[in-house]
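Chains V and U, in that order, give the protein sequences.
So for the first sequence, the working numbering puts the first residue at 1; every next one is plus one.
So for the second sequence, the working numbering puts the first residue at 322; every next one is plus one.
Calculated directly from the structure, the hints in this document are not laboratory data.
Please read these numbers as outputs of a predicted model, since none were measured by experiment.
Do not take every clue at face value.
Stated by the list, open to error - Okay, derived cross-link-like pairs now, SDA-like style, lysine to any residue, Cα gap no bigger than 20 Å in a straight line:
| no. | chain 1 | residue 1 | chain 2 | residue 2 |
| --- | --- | --- | --- | --- |
| 1 | U | Lys554 | U | Glu580 |
| 2 | U | Lys554 | V | Ser144 |
| 3 | U | Lys554 | V | Ile278 |
| 4 | U | Lys554 | V | Arg77 |
| 5 | U | Lys554 | U | Thr585 |
| 6 | U | Lys554 | V | Val165 |
| 7 | U | Lys444 | U | Ala423 |
| 8 | U | Lys500 | U | Asp677 |
| 9 | V | Lys154 | U | Asp717 |
| 10 | V | Lys154 | V | Leu80 |
| 11 | V | Lys154 | V | Ile99 |
| 12 | U | Lys554 | V | Leu80 |
| 13 | U | Lys554 | V | Thr121 |
| 14 | U | Lys554 | V | His68 |
Unchecked claim - Ranges of calculated distance between the beta carbons of each label pair, as one might list FRET restraints:
| no. | chain 1 | residue 1 | chain 2 | residue 2 | range |
| --- | --- | --- | --- | --- | --- |
| 15 | V | Gly142 | U | Pro419 | 58 to 68 Å |
| 16 | U | Glu403 | V | Gly142 | 31 to 41 Å |
| 17 | U | Glu606 | V | Ala78 | 26 to 36 Å |
| 18 | U | Thr503 | V | Ala138 | 54 to 64 Å |
| 19 | V | Asn9 | U | Gly581 | 32 to 42 Å |
| 20 | V | Val14 | U | Thr503 | 16 to 26 Å |
| 21 | U | Glu619 | V | Ser11 | 47 to 57 Å |
| 22 | U | Glu606 | V | Thr159 | 25 to 35 Å |
Positions of the beta carbon are idealized from the N, C-alpha and C atoms, including for glycine.
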Amino acid sequence: MSSRELAINFSALVDDFWAHTIDGLAVGSIYALIALGYTLVYGVLRLINFAHSEIFALGIYASAFAIHGMLDITEPRAGLSLVLTLLALLITSMAASGIAALVMERVAYRPLRRRNAPRLTALITAIGISLVVQEFLALRYGRSRLNPQRLFEKESLFTFLGEEVSNDKVLVFVAAIVLMIGLDQFVRRSRLGRGIRATAQDAETAQLMGVDIDRVVMLTFLLGGLLAGAAGFFFLIFYEAARFNIGFLPGIKAFTAAVLGGIGNIRGALLGGLLLGIMEKYGAALFGGQWTDVFAFMVLVLVLLVRPSGLLGESLGRTRA
Amino acid sequence: MKHSKFLRIAAVAAGLSMLAAACGDDDDSATTDDTEPSGEVAEYSIAYVGPLTGDAANLGIFIRDGARVAVEEFNEANDDIEVTLEEFDTQGDPAQAPTVAADYVNDESILGIVGPAFSGETKAVLPTLEQAGLVMVSASATNAELQDVVPGGKSFHRVLANDAAQAKGLVKYLTTSLKPTTLAIVHDNSEYGQGLAVNQLAAQLAGTGIEIVATEAIDPDSEDYSAAVNVVKSAAPDAVFFGGYYEEAGTLAKQLKDEGVEATFIAADGALDVGFIEGAGAAAEGAQISCPCNLATEASPGALGEFATSYQDIIGNEPGTYSTEAYDATNILLAGITDGNTDRAGLLAYVEGLTDVAEAISKTVSFAENGNIEAEGIFLFEVKDGAFAPLVATDDL
Numbered sequence: 001m002s003s004r005e006l007a008i009n010f011s012a013l014v015d016d017f018w019a020h021t022i023d024g025l026a027v028g029s030i031y032a033l034i035a036l037g038y039t040l041v042y043g044v045l046r047l048i049n050f051a052h053s054e055i056f057a058l059g060i061y062a063s064a065f066a067i068h069g070m071l072d073i074t075e076p077r078a079g080l081s082l083v084l085t086l087l088a089l090l091i092t093s094m095a096a097s098g099i100a101a102l103v104m105e106r107v108a109y110r111p112l113r114r115r116n117a118p119r120l121t122a123l124i125t126a127i128g129i130s131l132v133v134q135e136f137l138a139l140r141y142g143r144s145r146l147n148p149q150r151l152f153e154k155e156s157l158f159t160f161l162g163e164e165v166s167n168d169k170v171l172v173f174v175a176a177i178v179l180m181i182g183l184d185q186f187v188r189r190s191r192l193g194r195g196i197r198a199t200a201q202d203a204e205t206a207q208l209m210g211v212d213i214d215r216v217v218m219l220t221f222l223l224g225g226l227l228a229g230a231a232g233f234f235f236l237i238f239y240e241a242a243r244f245n246i247g248f249l250p251g252i253k254a255f256t257a258a259v260l261g262g263i264g265n266i267r268g269a270l271l272g273g274l275l276l277g278i279m280e281k282y283g284a285a286l287f288g289g290q291w292t293d294v295f296a297f298m299v300l301v302l303v304l305l306v307r308p309s310g311l312l313g314e315s316l317g318r319t320r321a
Numbered sequence: 322m323k324h325s326k327f328l329r330i331a332a333v334a335a336g337l338s339m340l341a342a343a344c345g346d347d348d349d350s351a352t353t354d355d356t357e358p359s360g361e362v363a364e365y366s367i368a369y370v371g372p373l374t375g376d377a378a379n380l381g382i383f384i385r386d387g388a389r390v391a392v393e394e395f396n397e398a399n400d401d402i403e404v405t406l407e408e409f410d411t412q413g414d415p416a417q418a419p420t421v422a423a424d425y426v427n428d429e430s431i432l433g434i435v436g437p438a439f440s441g442e443t444k445a446v447l448p449t450l451e452q453a454g455l456v457m458v459s460a461s462a463t464n465a466e467l468q469d470v471v472p473g474g475k476s477f478h479r480v481l482a483n484d485a486a487q488a489k490g491l492v493k494y495l496t497t498s499l500k501p502t503t504l505a506i507v508h509d510n511s512e513y514g515q516g517l518a519v520n521q522l523a524a525q526l527a528g529t530g531i532e533i534v535a536t537e538a539i540d541p542d543s544e545d546y547s548a549a550v551n552v553v554k555s556a557a558p559d560a561v562f563f564g565g566y567y568e569e570a571g572t573l574a575k576q577l578k579d580e581g582v583e584a585t586f587i588a589a590d591g592a593l594d595v596g597f598i599e600g601a602g603a604a605a606e607g608a609q610i611s612c613p614c615n616l617a618t619e620a621s622p623g624a625l626g627e628f629a630t631s632y633q634d635i636i637g638n639e640p641g642t643y644s645t646e647a648y649d650a651t652n653i654l655l656a657g658i659t660d661g662n663t664d665r666a667g668l669l670a671y672v673e674g675l676t677d678v679a680e681a682i683s684k685t686v687s688f689a690e691n692g693n694i695e696a697e698g699i700f701l702f703e704v705k706d707g708a709f710a711p712l713v714a715t716d717d718l
C-alpha cells in the first residue's frame with residue numbers, strides 16, 4: 001500500500017478522538033497567540049506583516065539562548081525553581097520578540113508609511129525582513145536543528161475522557177488563554193486600547209481627535225511581538241527544537257487562523273487558532289500526517305467561500321467596551 | 322588541506338623568486354625541474370568529492386576526514402610517495418556536481434576519487450567520469466540503480482551494500498533476532514524514507530508473520546508529529562520503524578516516548594548520526610539503527626577500533642557514519658598507487674574486479690563486475706549510554 005493514495009481512515013479519528021482534540025487545542029493555542037500579531041497589525045494598518053513569523057522565531061531563539069546562555073540549565077527542574085525559571089524565560093522571550101517587533105516597525109515600516117508607499121511595498125518589505133532574519137539565524141546558529149535542554153519532565157497530569165493529558169499541554173493551553181484574555185481586556189478597557197480601536201476604525205479622524213498614530217502603531221507592534229514571544233517560548237517547551245526557518249510554517253498557519261476567525265478580530269484569532277489546531281489534527285488522523293497542511297488550508301478555503309470575512313468578521317474597530 | 326595550501330604558497334614564492342632571478346640574469350633559471358636527483362619523492366593526487374558545506378555538510382565531512390586519515394597514515398608510512406587529498410565541494414547537490422566535476426576531471430594529476438558522496442550527484446557525473454576514465458569509489462552512495470547509470474561502465478564502485486540490501490538485512494534481523502509480532506511504520510514521505518520503509522521493508526515483511534499495524538507519515542518541515550504518535554500509541558506495536566533522517570528520527574523518538582510508547586525504535590542509515598541522539602535525548606536509549614556501513618567506535622574490536630583511535634588523533638573527534646567506508650575506499654586507491662598504477666587507466670584497471678581487499682576494515686570488500694560490492698550484509702547499532710554501540714551484523718545471524 002502506498003501512502004500517496006488518499007485513503008480515509010475513520011477509525012484513526014474515532015479511536016483517538018480525544019487525543020487528537022487535546023493535541024489540537026495545545027497547538028491551536030500557539031497558533032492563536034501568533035495570529036493575534038497578524039490581526040492587530042492588520043486591524044490598525046491594513047498590513048499583513050509576513051515578517052511576524054520571524055518575530056515568533058526570535059522568541060524561540062531567545063528562550064533557547066536563555067536556557068543555555070543566561071540560566072545555564074542542564075537538567076529538568078521542578079518545584080519553585082521551575083516556576084521561577086519558566087517565568088524568567090517567558091519574560092525574556094516576550095521582551096526579545098517585543099523589542100524585535102518595535103525595531104522592525106521603526107526601521108522598515110515607518111519610513112514606508114512616512115512616504116505613503118503603496119501597500120504592496122510594505123508586503124515585499126515584510127518578505128525581505130523575513131529572509132534577512134532567517135539567514136541571520138542560519139549564519140549565526142547553523143542550519144541544522146538545535147535541541148535545547150528539557151525544562152521539566154513531561155508527565156501525565158490528569159486523565160480526560162480516557163486520555164492522559166500531559167503537563168506541558170495544560171501549561172501551554174492555560175497560559176495562552178490567560179494571555180489572550182489579558183490582551184482582549186487591554187484593548188477593550190484601557191486608554192491605550194481605545195487609541196488602537198479608534199485608529200482601526202478611522203485613522204484620520206482618530207488623529208484629529210488627538211490620538212498619536214505613531215504611538216498607536218508602535219504599541220500595536222509591541223503587543224503583537226510580546227504575544228509572539230510568548231508563543232515562541234511555549235513552542236519551545238512543547239517541541240524542544242529550534243531551526244533557522246522554524247517560524248515559517250507556524251507563521252503561515254497562524255495567518256490562516258487569523259483569516260479563518262476574521263482578520264482584525266481579536267476573539268476571531270483565538271477561535272481561528274483553536275479551530276485550525278483541532279481541524280488539522282483531525283485531518284491528519286483521517287488522511288495521514290502528510291496531509292496535515294493540505295487539510296488545514298482546505299478548511300480555510302471552504303470557510304472563506306461561505307464567509308469571506310471569516311467566522312467572526314473583521315472588526316477590531318467595532319470592538320466596543 | 323593545510324598542507325596543499327602551504328605547497329601552493331611555496332610554489333608561488335618559488336615562482337616569484339625565479340622571476341626575480343630571471344630579470345637579473347637569463348641563463349641560470351632556464352631548467353628547474355621538480356624532480357630531485359636523489360631520494361626522489363613521487364607526488365600523486367586523489368580527490369574527495371562530496372558536500373563540505375550546505376545542509377549535508379556533516380555527512381560529507383565525516384567521509385572527507387576518513388579519507389584524510391588514510392592519506393596521512395599512508396604518507397607517514399611511505400617515504401618515496403606523497404599523496405595529496407584534493408577536496409571538491411559539491412554541497413551534495415546534483416545540480417552543482419557536473420560543474421565541480423569539470424574541475425577534477427580536467428586536473429590530470431588526480432588519479433581517482435573517493436566519492437561522490439550522494440546517489441543523486443553520483444548519477445549526475447557518472448557519464449563524465451566514465452568518459453575521462455577516472456575511477457570512483459563511493460563510501461556512501463546507496464541508491465540501488467547506480468550501477469546501471471552507465472551500462473557496462475567501469476568507473477563506478479562502492480564499498481557498501483545498496484538500499485535494497487538494507488531492507489533485506491532489516492527483514493533478516495527482524496525475523497530472526499528481534500522478532501516483534503507487530504510493527505508500526507512511520508516515514509517522512511521522502512524518496513529515501515518512504516522508499517525504504519514502505520516500498521521495501523513493508524513489502525518484504527509480507528508473509529513473514531510480522532504484522533504491520535500502522536503506516537503513518539510525518540511532515541519533516543514541521544515539529545509536530547502528534548497525529549502519527551497518537552496512531553502509533555493506540556496501535557501499541559512491539560516495534561516502530563522510522564524511514565527518514567536523523568533530525569526527524571530524534572524528534573519522533575522523543576515524542577513517542579513522551580506519550581508513553583515503549584516500542585523498540587528502529588531506524589536506518591539516515592538516522593545514524595549523533596544528531597539523532599542529541600535530538601531524542603534520553604528517548605534515544607535503546608534505539609536500534611541499521612546501516613550498510615560499519616560505524617567505528619573506539620570500543621570496536623580490532624582494526625575498526627584502531628581506526629577510531631587514529632581518527633581521533635588525527636581529526637580530533639570520533640569518526641561518524643561512512644568514515645570507515647571512506648577509509649577503505651581511500652586505502653583501495655592508495656594500494657593501487659603503491660602497486661605502480663600511477664595513471665588513471667592503470668588505477669582504473671587495478672580497482673576493477675578487485676576481490677577480498679586486504680586493507681578493508683569495514684567488511685569484506687570484493688567488487689562485482691558492475692562495481693557493486695558483493696557482500697550484502699548490513700550492520701545494526703544500538704544507542705547505549707548516549708552513544709552508538711555495535712549490536713549485530715546480519716551476516717552473523
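Hints, verified against the model:
1. Lys554(U) to Glu580(U): Judged against 20 Å, a Cα distance of about 7 Å means the pair holds.
2. Lys554(U) to Ser144(V): 28 Å, violated
3. Lys554(U) to Ile278(V): 19 Å, holds
4. Lys554(U) to Arg77(V): 27 Å, violated
5. Lys554(U) to Thr585(U): 13 Å, holds
6. Lys554(U) to Val165(V): The given pair, whose Cα atoms are some 14 Å apart, holds under the 20 Å limit.
7. Lys444(U) to Ala423(U): 15 Å, holds
8. Lys500(U) to Asp677(U): 33 Å, violated
9. Lys154(V) to Asp717(U): It is violated: about 40 Å lies between the C-alpha atoms, which goes past 20 Å.
10. Lys154(V) to Leu80(V): 17 Å, holds
11. Lys154(V) to Ile99(V): Not satisfied, since the Cα-Cα distance of roughly 31 Å exceeds 20 Å.
12. Lys554(U) to Leu80(V): With Cα atoms ~33 Å apart, Lys554(U) and Leu80(V) exceed 20 Å; violated.
13. Lys554(U) to Thr121(V): 48 Å, violated
14. Lys554(U) to His68(V): Measuring from Cα to Cα gives roughly 32 Å; hence the hint is violated.
15. Gly142(V) to Pro419(U): 58 to 68 Å: With Cβ atoms ~28 Å apart, the hint is violated.
16. Glu403(U) to Gly142(V): 31 to 41 Å: Roughly 35 Å apart at Cβ, these two residues keep to the hinted range, so it holds.
17. Glu606(U) to Ala78(V): 26 to 36 Å: The hinted range 26 to 36 Å is violated for Glu606(U) and Ala78(V), with Cβ atoms some 21 Å apart.
18. Thr503(U) to Ala138(V): 54 to 64 Å: Distance hint for Thr503(U), Ala138(V) is violated at roughly 41 Å.
19. Asn9(V) to Gly581(U): 32 to 42 Å: Taking Cβ atoms as reference, Asn9(V) and Gly581(U) lie about 22 Å apart, which means the hint is violated.
20. Val14(V) to Thr503(U): 16 to 26 Å: Since Val14(V) and Thr503(U) have Cβ atoms about 20 Å apart, the given range 16 to 26 Å holds.
21. Glu619(U) to Ser11(V): 47 to 57 Å: Hint holds: Cβ distance 49 Å, inside 47 to 57 Å.
22. Glu606(U) to Thr159(V): 25 to 35 Å: 27 Å, holds
In this structure, the earlier hints numbered 2, 4, 8, 9, 11, 12, 13, 14, 15, 17, 18 and 19 are contradicted, and the remaining ones agree with it.
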